[in-house]
Amino acid sequence: MIFFSAYLAADTAKAAAPGAGSSGPVGDIIHLFGSFGVDKAHLSVQVVNFALLAFILYRFAIKPALGQLEDRIRQAEQLQKDRAAAEAQLASAQKTAEAQLIAASGEAARILADARNQAKAAVEAARTEAQAAQTEVIAKARAAIEADRVKMMDEVRGEVSRLVVETAAKVLEQNLDDATRGRLNEAAVKQFAR
Amino acid sequence: MYAAAVRAEAKRLLALSLEGGVVSADQVGAVLAALAKSRPAHQLRPLLRAYLANIRRELARGEARIEHAGPLAPADADAIAAHLTKVLARPVRPVARRNDALLGGFRVRVGDDVTDLTASLRLANLAKVLS
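Line order of the protein sequences matches chains A and B. Start counting the first sequence at 126; every next residue gets the next number (our numbering). Start counting the second sequence at 54; every next residue gets the next number (our numbering).
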């Protein structure tokens with residue numbers, strides 16, 4: 126806006142003094158700057174000063190600051206990367222831990238189920254064995270009792286028979302007379318000779 | 054081997070002692086006389102012992118040893134001997150002996166064969182059946 130006002134002022138001054146200096150737009154611009162007090166020597170010195178100042182600032186202030194900034198940025202990026210890697214590693218470790226936990230839980234459940242099954246089978250086997258042993262013991266006891274009973278009955282029967290026969294023999298021996306024995310002998314001879 | 058030879062010799066002497074299938078006292082005497090002359094004493098003892106056993110066995114084969122309870126008529130004893138003679142196809146003579154422990158009936162033995170028709174045996178069998 127200021128530059129445009131200065132340009133309009135220069136254009137007015139040129140209109141007031143026609144034919145002065147060089148002509149054309151470049152000459153107008155130089156004339157315009159000259160009207161503001163800007164000449165070539167001062168401008169050159171200021172350009173050099175500005176360049177020198179810019180160089181010194183860039184060399185000793187901006188460049189180290191930019192380097193530090195880049196370092197910070199690099200460190201921040203590295204930290205970001207490390208953090209991401211750590212987070213990824215943590216996530217992986219968590220996944221691995223969860224997987225191992227799940228696997229361990231499954232394994233524990235399987236082992237527990239196996240142990241329960243084995244215990245159940247062992248209890249069942251022990252029960253079956255105990256029942257078999259009990260049955261065998263009962264059978265043996267019954268057999269022994271039956272054998273004892275049969276033996277006792279046989280003994281009683283034998284004893285009774287022996288007593289009966291002995292008694293019968295004594296009764297016969299006392300009551301049989303010769304006549305009866307003779308008849309028995311005759312019957313036996315007839316049976317034998319038949 | 055010596056015992057077998059003695060048994061064979063005794064068997065041969067027994068065959069020489071029979072007359073009509075029956076032991077003859079005369080034949081036995083002749084055999085003994087011949088043995089006394091022909092054999093020394095130390096050889097004679099075992100041979101005579103085997104010969105005596107054979108003679109006893111042969112005599113037992115010709116005897117029906119009848120044990121009976123109560124009286125047994127001689128005719129009944131003869132009937133028993135006759136039946137055995139017929140069955141065994143050799144002469145058998147009865148030798149009766151009373152034994153009242155048999156209660157009734159008789160038991161006859163010829164050699165190793167025994168026939169028991171006594172009441173005591175029947176009672177014993179009854180006791181076995183009952184026991």
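None of these hints come from the bench; they were simulated from the model. Think of the CB as a built atom: it goes at the ideal place given N, C-alpha and C, for glycine as much as any other residue. You may find that some hints are simply not true.
What the hints assert, rightly or not - Every beta carbon over 10 Å from chain B, so not counted as near; a handful from chain A, in silico:
1. 184
2. 206
3. 257
4. 290
5. 307
6. 317
Unchecked claim - Derived BS3-like pairs (lysine-lysine); straight-line CA-CA distance at most 27 Å:
7. A/188 / A/206
8. A/276 / B/90
9. A/265 / A/276
10. A/295 / B/181
11. B/64 / B/181
12. B/90 / A/315
13. B/64 / B/90
14. A/220 / A/206
Said to hold, decoys possible - A short list of chain A residues far from chain B (calculated; beta carbon distances all over 12 Å):
15. 198
16. 218
17. 273
18. 297
19. 301
20. 302
21. 304
22. 305
23. 309
24. 314
25. 318
Structure-based check of each hint:
1. 184: holds, 141 Å
2. 206: Residue 206 of chain A is indeed farther than 10 Å from all Cβ atoms of chain B, at 111 Å.
3. 257: holds, 38 Å
4. 290: Violated: least Cβ distance 4 Å, not greater than 10 Å.
5. 307: violated, 5 Å
6. 317: violated, 6 Å
7. A/188 / A/206: holds, 26 Å
8. A/276 / B/90: violated, 66 Å
9. A/265 / A/276: holds, 16 Å
10. A/295 / B/181: holds, 18 Å
11. B/64 / B/181: Violated, at about 41 Å.
12. B/90 / A/315: violated, 51 Å
13. B/64 / B/90: holds, 19 Å
14. A/220 / A/206: holds, 20 Å
15. 198: holds, 123 Å
16. 218: holds, 94 Å
17. 273: holds, 17 Å
18. 297: Label violated. Min Cβ-Cβ 5 Å, cutoff 12 Å.
19. 301: violated, 6 Å
20. 302: With a cut-off of 12 Å, residue 302 of chain A comes too close to chain B, as the shortest Cβ separation is near 8 Å.
21. 304: violated, 8 Å
22. 305: violated, 7 Å
23. 309: It is violated; residue 309 of chain A is separated from chain B by about 4 Å at its closest Cβ, not greater than 12 Å.
24. 314: Given that some Cβ of chain B is not farther than 12 Å from that of residue 314 of chain A, nearest at about 4 Å, it is violated.
25. 318: Non-interface label on residue 318 of chain A violated, nearest chain B Cβ at 5 Å vs cutoff 12 Å.
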